[in-house]
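Engineer: Got chain A sorted already, so can you dock chain B onto it with the hints?
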Amino acid sequence: MSTHVLAAGVAVEESDGTVYLAHLTTGQILVAPGAAGAIVLDALGGPTMPGPGAAPAADREHILDRLVELGYLRSVS
Amino acid sequence: MSDLPAIDVPQRVARRFGHASAQFLADQAAVRVLHLKGPAVDPGLRPDRISTDVDVLVDPAGLSAYLAALQAAGWHRETSFATGSPFGHAATYRHPVWGYLDVHRFWPGIELDPADAFEVLWADRQSRNFAALTGQVPSRLDQRVVLCLNLARSWAGGVAPDDLRLLWSELPPDTRRRVRQRVAQLHAEVGFSVLLGELEAHRGERTYRLWRAVAYPSGRIDEWQARWYAARGPVAKATILARALVVNRQHLAAVTGHHVGLQELTAAQWRRITAAAAEMRSRARRRGGRS
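As you go down the protein sequences, you meet chains A and B in turn.
Residues in the first sequence are numbered from 1 upward in steps of one, following this note's numbering.
Residues in the second sequence are numbered from 78 upward in steps of one, following this note's numbering.
Just so you know, the hints here were simulated from the structure itself, not pulled from any lab data.
On a predicted model such as this, the values are computed, not experimentally measured, just so you know.
All residues carry an ideal CB built from backbone N, CA and C; glycine is no exception.
Hints may be right or wrong, so weigh each one.
[To be verified] On the chain B side, residues computed to face chain A include the following (Cβ under 7 Å): (1) 90; (2) 208; (3) 210.
Chain A on its own, in the form it takes in the complex (with noise of 0.2 Å):
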């Protein structure tokens, strides 16, 4: 298990890839199973690392909402 600082929360990465992601403002966790989970830390990359990552707030939601309509990310309920 390894863990994330992502632009949109704090996600936690399992040992087959899924990532779990904790948005701590809006009270909502998100998962990418599998394969999904590399895709969606490369486009919430904390903001260290380079592309949307470094994007503004407001951009980096607009992408959180993409990967949701793109079916990468899967709210939990």
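Structural biologist: Same frame as chain A, but now just chain B:
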């Protein structure tokens, strides 16, 4: 998306998110908290076990601010400090996503003033990551003291042999000495004596009856008597007396899991009175039999 199978968050992940959420709110409210138990415990201190809730000890000076932050973030209080346990040390909150959180205003067994005790524990704290968010946990020595006192509180329900072995009975003499020194510094001797089988040595101390009632329960009346003895000052004692006699609707709702109407409350009140009367009759008979 709605056709996709539901995914459960593993407990070990959910608990880390719970601690992260508790820390996130503490940071927002600028309140110091120490994370206890579960993933906050140093490796090797006790057997790995999936905890079902998150425990934090809150700086008493920031308690009101922290509780307000919890409420604003959608946490609902399940039990209050007054109704949570005989010690009155913790309130339980629940969040639909993050789960259960026990907010401690002091740790049962530590009788040093709560603000002073928090400073003592805080001074030796260490950092820990909870899902990549940094929180504070007590030192390894203090974790041992906290977990030993927790074992003492669970004494009546039976204590896992591995817990007792790892936390106390198989410790090298030097570590035991340091634990006992810390116990003394925190004024936690009475609770700690339960683990040692030496509670009777503290007969006459303010909290002796409470620990006896918790570790060796003998009835609700004994427990309420013990709480009355342990309460500091006339106001606290009067509050205990009132709570002993009157059923708390909020607590009953938490226990039953539903809203409690007047009829159910009245029935519960009647049960409490008749149970107390039956226990008093039984005690009187026992006394009569001994004389």
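Engineer: With reference to the structure, classify each hint as holding or not holding.
Structural biologist: Verification of the hints:
With a cut of 7 Å, the hint placing residue 90 of chain B at the interface with chain A holds, because the nearest CB-to-CB distance is about 5 Å. Given the 7 Å rule on beta carbons, the hint for residue 208 of chain B holds: about 4 Å separates it from the nearest Cβ of chain A. With its C-beta approaching chain A no nearer than about 5 Å, residue 210 of chain B sits inside the 7 Å limit, and its interface hint holds.
In this structure, none of the earlier numbered hints is contradicted; all agree with it.
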